[in-house]
Every structure is written in structure tokens, then in C-alpha cells.
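S.K.: Quick mapping for you: the protein sequence lines, in order, are chains B and Y. Quick note on numbering: the UniProt record's numbering labels position 180 of the first sequence as 180, and the sequence is numbered without any gaps. Quick note on numbering: the UniProt record's numbering labels position 221 of the second sequence as 221, and the sequence is numbered without any gaps.
No lab work stands behind these hints: they were computed from the structure. The beta-carbon is built from N, C-alpha and C at its ideal position, and this holds for glycine as well. Possibly wrong hints are sitting among the right ones.
[Said to hold, decoys possible] Calculated from the model, a selection of chain Y residues having no Cβ within reach of chain B, i.e. all distances over 10 angstroms:
no., residue
1, Pro14
2, Gln29
3, Val32
4, Ala35
5, Val36
6, Leu46
7, Leu50
8, Val63
9, Arg70
10, Leu100
11, Asp118
12, Gly127
13, Met128
14, Thr131
15, Leu135
16, Gly193
[Stated by the list, open to error] Negatives, chain B to chain Y, calculated, CB over 12 angstroms:
no., residue
17, Arg23
18, Leu27
19, Val46
20, Gly129
21, Gly133
22, Leu143
23, Pro219
[Said to hold, decoys possible] Derived CB-CB ranges, DEER-like:
no., chain 1, residue 1, chain 2, residue 2, range
24, Y, Val4, B, Leu47, 27 to 33 angstroms
25, B, Leu39, Y, Asp9, 35 to 41 angstroms
26, B, Met130, Y, Thr131, 43 to 49 angstroms
27, Y, Leu27, B, Ala68, 46 to 52 angstroms
28, B, Ala94, Y, Gly132, 38 to 44 angstroms
29, B, Cys8, Y, Ala206, 46 to 52 angstroms
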Amino acid sequence: MTAPPDDCLARNEWICGDYLSSRREILLDAVAQHLRITLLAVLVAVLLAVPLAVLARRWGWAAGPVLAVTTVLYTIPSLAMFSLLLPVYGLSSALVVAGLVLYSLTLLVRNVLAGLRAVPEETRQAARGMGYGPVRLLLTVELPLALPSSMAGLRIATVSAVSLATVGAIVGFGGLGNLIYAGMNTYFKAQVLTASVLCVVIAVAADLLLLGVQWLITPWTRAARR
Amino acid sequence: MNTVTGAWDWLTDPANWAGADGIRHRLVQHLVLTAVCLVASCLVALPVALVLGHLGRGGALAVNISNVGRAVPTFAVLVLLLLTPVGDWGEGPTIVALVLFAVPPLLTNAYVGMREVDRDVVRAARGMGMTGPQLLRRVEVPLAMPMILNGVRIAAVQLVATATIAALAGGGGLGRIITAGFNLASTPQVVAGAVLVAVFALLVEAVFETVERLAPVRGSR
Numbered sequence: 001m002t003a004p005p006d007d008c009l010a011r012n013e014w015i016c017g018d019y020l021s022s023r024r025e026i027l028l029d030a031v032a033q034h035l036r037i038t039l040l041a042v043l044v045a046v047l048l049a050v051p052l053a054v055l056a057r058r059w060g061w062a063a064g065p066v067l068a069v070t071t072v073l074y075t076i077p078s079l080a081m082f083s084l085l086l087p088v089y090g091l092s093s094a095l096v097v098a099g100l101v102l103y104s105l106t107l108l109v110r111n112v113l114a115g116l117r118a119v120p121e122e123t124r125q126a127a128r129g130m131g132y133g134p135v136r137l138l139l140t141v142e143l144p145l146a147l148p149s150s151m152a153g154l155r156i157a158t159v160s161a162v163s164l165a166t167v168g169a170i171v172g173f174g175g176l177g178n179l180i181y182a183g184m185n186t187y188f189k190a191q192v193l194t195a196s197v198l199c200v201v202i203a204v205a206a207d208l209l210l211l212g213v214q215w216l217i218t219p220w221t222r223a224a225r226r
Numbered sequence: 001m002n003t004v005t006g007a008w009d010w011l012t013d014p015a016n017w018a019g020a021d022g023i024r025h026r027l028v029q030h031l032v033l034t035a036v037c038l039v040a041s042c043l044v045a046l047p048v049a050l051v052l053g054h055l056g057r058g059g060a061l062a063v064n065i066s067n068v069g070r071a072v073p074t075f076a077v078l079v080l081l082l083l084t085p086v087g088d089w090g091e092g093p094t095i096v097a098l099v100l101f102a103v104p105p106l107l108t109n110a111y112v113g114m115r116e117v118d119r120d121v122v123r124a125a126r127g128m129g130m131t132g133p134q135l136l137r138r139v140e141v142p143l144a145m146p147m148i149l150n151g152v153r154i155a156a157v158q159l160v161a162t163a164t165i166a167a168l169a170g171g172g173g174l175g176r177i178i179t180a181g182f183n184l185a186s187t188p189q190v191v192a193g194a195v196l197v198a199v200f201a202l203l204v205e206a207v208f209e210t211v212e213r214l215a216p217v218r219g220s221r
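Put together the whole structure using the sequences plus the hints.
M.R.: Structure, rendered in C-alpha cells:
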């Protein structure tokens, strides 16, 4: 009988280089799933949130109900949210995406709306005076000016989505959360720590990326500060 | 529709309310965990935030800690704690994680509230001969109260959510009804548990919103 291997995997250490090299495929798959789920959720949320915020801005009476509904959605704990969607989506990645969309909506609608409301009335009148129609005014004046506030919301929504996606492990589609869940059941320290750290790394990287994008697409804020 | 009636049947079945895994026990567990940890988090975070806010020091830390809290997955922290020695101690990981995630919003909101107190008011109070502690207690804290309470509300909602996720890592509370439902592949039980958690969270939010709305009125009289 051969002696059991005495490496960091056998000793179940928290930090283990062998884990990284021997489970590379599993880790990459989990990261890919994590990115796919978060990216899709944030994209859908943006596509829903911008029209909702524009509508709430146009018709003042709609703002109250839209904000109330999204706030209620935000209050529901993630585990319950995913569970409530179970009858609709079954055990699928669509369930996790849908849950994350509902959370991101709150943050995005609130921030886009705040950005639109902060556009000075004088600016709007000037654009109208130059012959801008309502659509052109919205697309070329109001939405760009709402960008700083919207991007702040987008950053918070993205970071939250990356972190909340781990709870998707309850239905087997949690990206890195799946590894954390499996690692918990098998008491696999290296796997839990590696997956957790990767999760935080993804969140921070996404935040920095969006910060860079914001810097690129809002050059006027830089000019004003100088 | 089947799921809805199934969930309703599950909720109204008295057998599901009794016992150690019953709704009543889980509800009490959830409530006690949330309440105890909210008090503990306030005791930890508020004195620090109020003193830092009063002195105007450590602002970057107090404000950024919230962003850090958002980037760290609750579930990951729970499992990491479970695998450390804290995990041998029953609800240990749940309690530690609950406090860890409730402290950032409390700290940030209380700090920002203290710093947003009108500087002229502070100067006037100093001119009237108030000492530092008097200024803190009689001027800054009352004026910062709306922001402090806003932080408490956010922390409470966060606590309810974290306590729910704790069920995934073996902790007690209403989340256990959901995880048990998944293990039994019983969609009605999963949905029933989710409804209970959602209603609980919304009730907590409503209670604190009422407190928030009433409190500043009392202070300004």
C-alpha cells in the first residue's frame, strides 16, 4: 500500500497551489458561468430600467408606484426571491438571472431617475430653443447628463449582482457559489477560499472597469473639475 | 396556480407550524437572531461612528466600508466562518456574519449624518460654551438622528436577508424552511417559505420606516 500523498490538498489547507493547478477547468467554468449570469442580468436590468426611469420622469404620477415596487423587490431577501421564481423558471440559470435583474432594477431606476431630475431646466429650455424635439432632447441632452448618476447606480448594481449570484447555488446555477456550496458540504477549505476570493476579485474588477468606462464617456465632468 | 394553492395548503397545515422544524420555532429563531444581532451591531458601530463623526476623523474608512461590504458575498463569508473554529459553536458563524454585514451601513450612515450637521450650528454651540461631549449629545446626535435611523433600517433589512442565507450554511431561521423544501424537492414548501421570509422582511422594513418617520418629529419639537 502506498502512503497517502502529503500535499496541501490532503492536509486540507486554506491556501493551496495544487488546487489551482489541478482544478483549473472547474474554476474557469465556474467563473465563466458567474460572469455570464451577472452580465446578462445587468444588461437586461439596464434595458428595463432606462425606459422605466424615462417614463417615471415624463409622467410624475408614475414615479411613486415605480419606486415603491422596486423598493419592495429590493427588500425581499435573495434566497426568498430565487425561491419565489422557482415555479416560473424551474431549476435553471434563467431563475438566477431573473432574480438578479429584479435587484438591479431598484438601484438603476432610482439612479437614472435622480440623474434625469438633476438636469437643469435651463439646459432643457436651451435645447428646445435650438429646435430639439422631445426624442432628440432625451437622447442627446437628458440621458447623457444623467450618465454620472446612472453609472454610479450601475456600479453598485453590478457589484451587488456579482456577490448575490453566489446564492444561486441553491438551484445549482451560482457560478462560483456552486464551488462554495460543494466545498462546504465536503469541508474543502481551499475550494471555498479560492472561490470566495475570485468572487471579490470579479466584483472589484467590474467596478474598476465601469469606473473607467464612466471616465471615458463623461469627458465634460473632468473638464469642469479642472 | 397549483403551486399557489399548494403553498397555501402548506402554510395553513397546523402540522407545519409545530415542532423544532416548524414555522413557529423558525420564526422565533429568525426574530431573535435579527434582534440580538441588530442590538450588538448598533453597540459596536454607533459609538465608533459618532465619535469619528464628531472628531471628523477616519471618514474614508467609514464611507468606504459600505462598498467593501457589498462586494463580499454573504454566502461566502458564512461558509468560510463555518469552516473555521467558529463553526464548531452552533449559531456562531451566523451571528458573526450577521454582525459583520450589519455594521457597514450603520457606520457609514451615522458618520455621514454626523458630518452633515450644519457647521454653523456646531460653531454656535461651541460659542455658547458647550464642551465636546455636550455638543455630541445635545446638538450633533439629535440633528444626525434621521441618518442614523436610516442606517438602522438598512442594517435591519440586511440582517433579515443574511439570516435567511445562513440557512444555506446550516444556520437556523426561516431560510431553513426554504432549504428543507429544496431538499424534499417540494416546490409548495419552497414557495411557502419564501413568502414567509418576504413578508417578514417587508414587515421589518415597514416597522423601521414608521420609526424613522415618527422620530425626527419628536426631535424637532
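S.K.: Hints first: check each against the structure and report whether it holds.
M.R.: Verification of the supplied hints:
1. Pro14: Per Cβ check, Y/Pro14 is outside 10 angstroms of chain B; nearest 23 angstroms; holds.
2. Gln29: holds, 15 angstroms
3. Val32: About 17 angstroms separates Y/Val32 from the closest Cβ of chain B, which puts it past 10 angstroms; holds.
4. Ala35: holds, 16 angstroms
5. Val36: holds, 18 angstroms
6. Leu46: Answer for Y/Leu46: holds, closest chain B Cβ roughly 23 angstroms.
7. Leu50: holds, 26 angstroms
8. Val63: Y/Val63 is indeed farther than 10 angstroms from all Cβ atoms of chain B, at 14 angstroms.
9. Arg70: Non-interface label fails for Y/Arg70: nearest chain B Cβ at 5 angstroms, not farther than 10 angstroms.
10. Leu100: Non-interface label stands for Y/Leu100: nearest chain B Cβ at 13 angstroms, farther than 10 angstroms.
11. Asp118: About 23 angstroms separates Y/Asp118 from the closest Cβ of chain B, which puts it past 10 angstroms; holds.
12. Gly127: Non-interface label stands for Y/Gly127: nearest chain B Cβ at 35 angstroms, farther than 10 angstroms.
13. Met128: Since the minimum Cβ distance to chain B is about 38 angstroms, Y/Met128 lies beyond 10 angstroms and the statement holds.
14. Thr131: Non-interface label stands for Y/Thr131: nearest chain B Cβ at 39 angstroms, farther than 10 angstroms.
15. Leu135: holds, 33 angstroms
16. Gly193: Contrary to the label, Y/Gly193 does not stay out of reach of chain B, its closest Cβ about 7 angstroms off (not over 10 angstroms).
17. Arg23: holds, 17 angstroms
18. Leu27: holds, 15 angstroms
19. Val46: B/Val46 is indeed farther than 12 angstroms from all Cβ atoms of chain Y, at 18 angstroms.
20. Gly129: The assertion about B/Gly129 holds, with a minimum of 37 angstroms to chain Y.
21. Gly133: holds, 40 angstroms
22. Leu143: Given a closest Cβ separation of 26 angstroms, the condition holds.
23. Pro219: Consistent with the label, B/Pro219 stays out of reach of chain Y, its closest Cβ about 25 angstroms off (over 12 angstroms).
24. Y/Val4 with B/Leu47: 27 to 33 angstroms: holds, 29 angstroms
25. B/Leu39 with Y/Asp9: 35 to 41 angstroms: Given a distance of about 39 angstroms, which is inside 35 to 41 angstroms, the answer is holds.
26. B/Met130 with Y/Thr131: 43 to 49 angstroms: violated, 59 angstroms
27. Y/Leu27 with B/Ala68: 46 to 52 angstroms: With a Cβ separation near 26 angstroms, Y/Leu27 and B/Ala68 fall outside 46 to 52 angstroms, so the hint is violated.
28. B/Ala94 with Y/Gly132: 38 to 44 angstroms: For Y/Gly132 against B/Ala94, whose Cβ atoms are near 57 angstroms apart, the range 38 to 44 angstroms is violated.
29. B/Cys8 with Y/Ala206: 46 to 52 angstroms: Holds - the Cβ-Cβ distance for B/Cys8 and Y/Ala206, about 50 angstroms, lies within 46 to 52 angstroms.
Going through the hint list in order, the structure does not satisfy hints 9, 16, 26, 27, 28.
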